[in-house]
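> Sequence:
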Amino acid sequence: MAFPELHTPMRTIMTPGPVEVDPRVLRAMSTPILGQFDPAFTTIMNEVMEMLRLVFQTKNKWAFPIDGTSRSGNEAILCSIIEPGDKVLVPIFGRFGHLLVEICERYGAEVHTIECSWGEVFDQQVVIKEIKKVSPKITAIVHGETSTGCMQPLKEIGVACRELDVLLVVDAVASIGGTDVKVDEWCIDGLIGGTQKCLSVPSGMAPITYNERIEKIIQSRKKVERGIATEEDRQKVLSHRPIISNYFDLSMLQDYWGPRRLNHHTEATSMIYALREGLRLVLEEGLEKRFARHKIHESALVAGVKAMGLTLFGDQENKLPCVTCIGIPEGIDGEAVRGMLLNEFSIEIASSFGPLHGKIWRIGTMGFSCRKENILFVLASLEAVLLRQGFEVNRGEALQAALDVYVGKTEKVGVGRGSI
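Residue numbers (our numbering): 7 to 426.
Heads up, a few of these hints could be off.
Unchecked claim - Simulated crosslink set (BS3-like; lysine-lysine; CA at most 25 angstroms straight-line): (1) K161 with K139; (2) K67 with K161; (3) K378 with K295; (4) K93 with K143; (5) K65 with K188; (6) K135 with K188; (7) K67 with K143; (8) K222 with K242; (9) K161 with K295; (10) K188 with K138; (11) K188 with K301; (12) K135 with K93; (13) K229 with K67; (14) K188 with K295; (15) K228 with K93; (16) K312 with K65; (17) K312 with K378; (18) K65 with K139; (19) K138 with K222; (20) K143 with K161; (21) K229 with K188; (22) K93 with K229; (23) K222 with K67; (24) K312 with K301; (25) K242 with K378; (26) K93 with K222; (27) K295 with K65; (28) K229 with K242; (29) K228 with K67; (30) K161 with K222; (31) K65 with K143; (32) K67 with K188.
None of these hints come from the bench; they were simulated from the model.
My request is simple: use the sequences and hints to build the entire structure.
In structure tokens form, the structure reads like this:
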């Protein structure tokens, strides 16, 4: 049986991930393969680590990617520090808080949760009060919750965790590279990022970083695989039970990414090229300028959505800048709108999960997808589709409101045409 050559349709991807990949990243992925211990490749690995420290705004020794989608980073950090019976507090304000609970439970943690309504975030003092009540070993929390478009403030929580000797682990998959995430200043012990969102790299890696507080736990659980262990490795006596997962064992991954270069897995070479280029582009643009770009396009999208006659969902004071949630008007079939956007305009936007499924649309403005032409295109197309679906749109107002935002703003923050 013969199969035709692969041809994928061109899409304008405006979901909260994956997003459009920067063409320069795609070019980097076509770079010739190197062996994983070739000095030319280990130099690239070292560069990736240094770039990650800059993007994560940290001086941590350890900053490297886990091979796997974003949740692999969550699992790698959590499974490496959780021992059965450890108390973990998870504040839940959307789908991915529940994911953190799932992972912690599977590794034997005694999980305590607090919840607030989807579309809201926690007052930091509420979380701190619960930390003092539970006395957990770990507090695990999402920073940018894509299911609700909300962003949890963390600085006070981080300071309290440090004072109370509680480890703070943060899922920043949706926020890293699109808004400020200050690992050291916010006293974050372990942080997980994602490639397929604001970094504009294909899905397949989860950049992480962690500090010496976490490294101390990892070293106490370190066990080198028998097939590659030295006699010295075999003689070491563990003070704690080994990390349950082999693949996600950070103690072995440290030896892989560190000077020892002890074999752990065959590196995803082309993905490392992609991540290096994605990080290089973030740093070339500059963090502050990049965050400002995301805010400009968020403002234009929000202005257009409101002018069209639609309603935003969620706590706007704590909105995730790169995800905008829109209430689906009564009587409108949300999936029919999404289908028509895809079939007629080749634009993809997202629905949501759980209690919000069928109630909101989510539009992502992330990384390379976060461009002026994309914002204007999605607003014009959404207006056209809603008219077809029988919704009384304020005709023509959306684009004018977005253009009003753009006039003068790009010059004010110094964002050039190539970046918007």
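> If a hint holds in the structure, say so; if it does not, say that too.
Verification of the hints:
1. K161 with K139: holds (19 angstroms)
2. K67 with K161: It holds: about 21 angstroms lies between the C-alpha atoms, which stays within 25 angstroms.
3. K378 with K295: holds (15 angstroms)
4. K93 with K143: At roughly 5 angstroms apart (the allowed maximum being 25 angstroms), K143 and K93 satisfy the hint.
5. K65 with K188: holds (11 angstroms)
6. K135 with K188: Holds: K135 and K188 sit about 23 angstroms apart, inside 25 angstroms.
7. K67 with K143: holds (22 angstroms)
8. K222 with K242: Answer holds: K222 to K242 is near 16 angstroms, not above 25 angstroms.
9. K161 with K295: Holds - the C-alpha atoms of K295 and K161 are around 22 angstroms apart, at most 25 angstroms.
10. K188 with K138: holds (24 angstroms)
11. K188 with K301: holds (18 angstroms)
12. K135 with K93: holds (16 angstroms)
13. K229 with K67: Holds, because 20 angstroms separates the two Cα atoms, which is no more than 25 angstroms.
14. K188 with K295: Holds. K188 to K295 sits at ~16 angstroms (cutoff 25 angstroms).
15. K228 with K93: holds (21 angstroms)
16. K312 with K65: violated (42 angstroms)
17. K312 with K378: Satisfied, since the Cα-Cα distance of roughly 17 angstroms is no more than 25 angstroms.
18. K65 with K139: violated (31 angstroms)
19. K138 with K222: holds (23 angstroms)
20. K143 with K161: Roughly 19 angstroms between the alpha carbons, so the hint for K143 and K161 holds.
21. K229 with K188: violated (32 angstroms)
22. K93 with K229: holds (24 angstroms)
23. K222 with K67: holds (13 angstroms)
24. K312 with K301: holds (16 angstroms)
25. K242 with K378: violated (58 angstroms)
26. K93 with K222: holds (18 angstroms)
27. K295 with K65: Holds, at roughly 22 angstroms.
28. K229 with K242: holds (9 angstroms)
29. K228 with K67: It holds: about 17 angstroms lies between the C-alpha atoms, which stays within 25 angstroms.
30. K161 with K222: holds (23 angstroms)
31. K65 with K143: At roughly 23 angstroms apart (the allowed maximum being 25 angstroms), K143 and K65 satisfy the hint.
32. K67 with K188: holds (16 angstroms)
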